[in-house]
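Peer 1: Sequence:
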Amino acid sequence: MNSGHANTVFEHRVLVVDPTKLGCQTIQAMLAPEFSAVFFADPFGAVEKAKTVNPTVILIDFLCPLIKNRHIIECLRGEKTLTDIPILVLCMHEDANMKYKAFKMGANDFVQKYPHPLELIARIRYHSQAYIRLLEKQKAFEALAESQRLIRQELDEAERYLISLFPPPSAGAILDAKWSYLSTGALGGDALGYSWIDPDHFAVYLLDVCGHGVGAALLGASLLNILRSKSLVNTDFRHPGEVLTQLNTTFDMESQGNKYFTIWYGVFHKNTRMLTYASGGHPPAYFISGHSIGQKLQAKGLVIGGMEGITYQQESIEVPSGSRLYVYSDGLYESGNQESLKNLQHLFDIFQTCSQCNNSQTILSRAKAALGAFYDDASLLEICFH
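Per my numbering, the sequence shown starts with residue -3, numbered consecutively.
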């Protein structure tokens, strides 16, 4: 398709390839009232001339020996930037075999010369307008593609910023913490973190804002910054139920563009080795103690922002040495069908199988293989307690 037109407003422009002076003069007289035409006598240079002129129609004398032997139509059609430009063939004889050859080579129209000027003008206008519409459509698609590229660039930048807020892997005498994240390419609202609140208390949390796009990512980033900086007013971050209750008060749906989020928030006390946790509509964390069968850690609680005045309850569990905790988003098991509960149980089986492999990427790979593909961003936190 011709991409040489720089302007968005296209004009009719006719390139006439005819080595004879008489032929050029005749056609010029016929077209003069309606079209500006460029006449070119050398058929061997017609392709390069067409690249320079950027015509909307090319008119060729088919019976000129030079043109016929050169197969100029095939040369024009073989050039990528010229392949869609309409070609009108002028021929002295109304011959079916001649028409067949012309159309087979790639001509768009066949006119017995010389037709009435009105007929030639009408044919040229018809093909030229069709080509101009094609160029306009191409420009529209190019503008759309550029717009989508810029949007994709902004979304990628927003995703990189959100991920930059995630903590680095942590290894210590008390516990190891790490995370894995797989994006579906649509900016989502998964966000996660962990940190020592004080020398004795370690917090771990994973949240999932509803929907996709910049709005979900912005809310996710805001929540992460609040949890990282512990900036909720009148909140003791060592108490998960208190944290979720205050989040629900601060981030009601009406003030957040009808966006809500789920969250699992836990705090490990190293002296008592107790893990206290609360959940706001989030999938249950999975806890494995030694070589025993794991258990779901799920405290009752609605999604954050869904209803005012809720007090979130918290639960506790003892954490023996060698235990593992998995906190994840629903992207690891939701598949867009009615198999979510079955997939969730399969995910628990994967946790159980991989609990000693010390590789969260293996868990993600197996979960993805089981689903066929992730339909949402997939996030996983893994905490190994020493």
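Simulated from the structure, these hints should not be mistaken for laboratory data. As the structure is a computational prediction, the values presented were derived from the model and not from experiment. One should not assume that every hint holds.
Unchecked claim - Listed next, the in silico DSS-like pairs over lysine-lysine satisfying Cα-Cα at most 25 Å (straight line):
1. Lys76 - Lys17
2. Lys47 - Lys174
3. Lys109 - Lys76
4. Lys45 - Lys174
5. Lys296 - Lys364
Unchecked claim - Restraint ranges, calculated between C-beta atoms of paired labels, are given here:
6. Phe137 - Phe99: 24 to 30 Å
7. Glu115 - Asp152: 54 to 60 Å
8. Leu146 - Ser312: 46 to 52 Å
9. Thr48 - Tyr371: 49 to 55 Å
10. His342 - Ile193: 33 to 39 Å
11. Glu75 - Glu115: 24 to 30 Å
12. Thr268 - Asp248: 21 to 27 Å
13. Ala369 - Gly41: 51 to 57 Å
14. Gly209 - His112: 18 to 24 Å
15. Lys292 - Leu146: 19 to 25 Å
16. Ala25 - Gln125: 31 to 37 Å
A virtual CB, placed ideally from N, CA and C, is assigned to each residue, including glycine.
Peer 1: Indicate, hint by hint, whether the structure satisfies it.
Peer 2: Hint by hint, here is what the structure shows:
no. : hint                        : verdict
1   : Lys76 - Lys17               : 30 Å, violated
2   : Lys47 - Lys174              : 58 Å, violated
3   : Lys109 - Lys76              : 29 Å, violated
4   : Lys45 - Lys174              : 63 Å, violated
5   : Lys296 - Lys364             : 28 Å, violated
6   : Phe137 - Phe99: 24 to 30 Å  : 28 Å, holds
7   : Glu115 - Asp152: 54 to 60 Å : 55 Å, holds
8   : Leu146 - Ser312: 46 to 52 Å : 49 Å, holds
9   : Thr48 - Tyr371: 49 to 55 Å  : 51 Å, holds
10  : His342 - Ile193: 33 to 39 Å : 34 Å, holds
11  : Glu75 - Glu115: 24 to 30 Å  : 29 Å, holds
12  : Thr268 - Asp248: 21 to 27 Å : 34 Å, violated
13  : Ala369 - Gly41: 51 to 57 Å  : 53 Å, holds
14  : Gly209 - His112: 18 to 24 Å : 60 Å, violated
15  : Lys292 - Leu146: 19 to 25 Å : 44 Å, violated
16  : Ala25 - Gln125: 31 to 37 Å  : 23 Å, violated
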